[in-house]
Amino acid sequence: MSSTFMSASPSEAAGMPALPLPALPAWRRWLRRSLGHRGLVIGSVMLGLIALAALLAPWLSPHDPYAQDVSQRLIPPAWYAKGSWEHLLGTDKLGRDYLSRLLHGARVSLSIGLAAALISGLIGTTMGVLAGYYGGRVDAVVSYIVTTRLALPVVLVALALASLVGGSLKVVIVLLGLLLWDRFAIVTRAATQQLRDAEFIAAAQALGASTPYILLRELLPNLMSALTVVATLEMAHAILLEATLSFLGLGVQPPTPSWGLMVAEGKAYMFFQPWVIVIPGVVLALLVLAINLVGDGIRDVGAPDGRN
Amino acid sequence: MLVYVLRRLLVAFSVMLTVAVVSFMLLHLSGDLATAIAGPEASAADVEKVRVQYGLDRPIASQFADWLGAAVRLDFGRSFYFQNSVMELVGERLPVTLKLGGVALLLAVIVAIPLGVLAALYRDSWVDRGALLVAVVGQAMPNFWFALTLVLVFAVGLKWLPVAGNTSWLHFVLPAVALGYYAMPSLMRLTRAGMLDVLGADYIRTARAKGLSPARVVFKHALRNAIIPVMALAAVELGFMLGGSVVIESVYSLQGLGQLAWDSISRNDYPVVQAVVLIIATFYIGLTFVADVINAALDPRMRTR
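One line per chain: the protein sequences are A and B, in this order. Residue numbering for the first sequence follows this note's numbering, beginning at 1 and increasing consecutively. Residue numbering for the second sequence follows this note's numbering, beginning at 1 and increasing consecutively.
Please keep in mind that the hints were generated in silico from the structure rather than gathered at the bench. These figures come from a predicted structure and were not determined experimentally. Please note: incorrect hints may appear among the correct ones.
Below are the DSSO-like pairs computed for lysine-lysine, each with C-alpha atoms no more than 30 Å apart in a straight line [to be verified]:
hint : chain 1 : residue 1 : chain 2 : residue 2
1    : A       : 82        : A       : 267
2    : A       : 170       : A       : 93
3    : A       : 267       : A       : 170
4    : B       : 210       : A       : 82
5    : B       : 159       : B       : 99
6    : B       : 159       : A       : 93
7    : B       : 220       : A       : 267
8    : B       : 210       : B       : 220
9    : A       : 267       : A       : 93
10   : B       : 159       : A       : 267
11   : A       : 82        : A       : 93
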């Protein structure tokens, strides 16, 4: 798919065998391949910038993201005739500086993405490794749980539970973490099944290594690249779902700056001030795009055989 | 094949039962329904009254048994909010959501398959890159935001289409585009991958060598084989879209199943929420079953799994 994002060198395009790589350390070969992958480079730079903005939000923000000023309501961004340089991206309906809220919103999105992917990764990987390694009845049970989970409509279940428990940053993280492990389980299970009969596993078994040792020290490191790819996908998924829940009013609660919530708050004004929804929506899409590019890139770089 | 179909059917039914248990338990265990229904200002006595009135004071197992016993007869009880039966409410709303999902899927397929075929035929060309860009952007945009943007451009800006409501077929255009764009990328990618696979196969080389026209080779020989897994995925995507339509319906105020679920969630009308979750899950399970059977009919190796 995203192999088209790679710049194919002329020799590759002509079907000539690639020159043998000089004996470089593994990490340098990996780095070289990564730098040659356009999508991965673009995605990493974008993601890096957003992460930096999130980390430095308190210092980068020109204003307090919570400070309201009713006399400064809905000022358009600086490039509009009525805009001012005081508020580069304008202000919202309560007169809060949009840029400052946007920067702090990056923290919400990224922390939800990371935390939810971590929780779901732990659940899904555990299930997938057990199902793939033991097979048989364990596999049947795990597959059944995955099938059931896939049949549950995520958005509806998340909305219903968030409304019962009460929406908040923590609730959203836990809910998404508990709902989005399916792909982790499916991918880990398939990868473990492939590796189960590998020689290095048989060797470890012959040496009398304990099962936990084999699973954690022998198997898991070999699943890392596949898991990273799934983790990026689920991070993107979680970020979009958080925005959706917040947009519908059951995610992160005001006055916390969440990009989904900013769209919801701007919705009533979008007919006359379209930028109030365009700005948070665009950064949200850029963040998800960056994460997806990084994920696709890691997949391509991790599987170089598919390239030639 | 028959054994395979029967086994899948058995799994489908037991998954449906499990979903019923899970959705019931999730709602009953994650909070006190009586407190939620009575509202924040209710006194302890009021909460108790509600608890008895709605039968929430009974053991949870007996509540579940009663609910499930009625649910298999398609009786989901009465709405807490309206005095109608849940089935009546659902019956009114389901056609809207099915129409939305159907049109959205149709649009997604109409765009995805030609785009996927072109991307595969002109691999690594600007067509391929363009198709990839469309897919990547589609996967990155939050769908509620894309829906609002469509309203801004086509309803407010160009005034071609109505902003919201569901009185004419024109009202379904924007929501269907918004929902369909969500399903399009994966269908496009699968079409492209399938076509690339098939175009490299020996029988395509044979067909070309026989001197068949390129169009005939592509459409009659290649696409026919590449398209079946895409159709299977489309069935699964339709299931996903029914679940995801809650967002789109709320943006466009379409009075469908999603909007009903969303309103019921905010009104603490749990019998309706439970019924909608179960109905959407049932559609998904049914559609995945169809997809599995399609795939198994196509590829006998799948049947042994």
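Tested hints:
no., hint, result
1, A:82 / A:267, "21 Å, holds"
2, A:170 / A:93, "26 Å, holds"
3, A:267 / A:170, "25 Å, holds"
4, B:210 / A:82, "69 Å, violated"
5, B:159 / B:99, "23 Å, holds"
6, B:159 / A:93, "26 Å, holds"
7, B:220 / A:267, "48 Å, violated"
8, B:210 / B:220, "14 Å, holds"
9, A:267 / A:93, "11 Å, holds"
10, B:159 / A:267, "18 Å, holds"
11, A:82 / A:93, "16 Å, holds"
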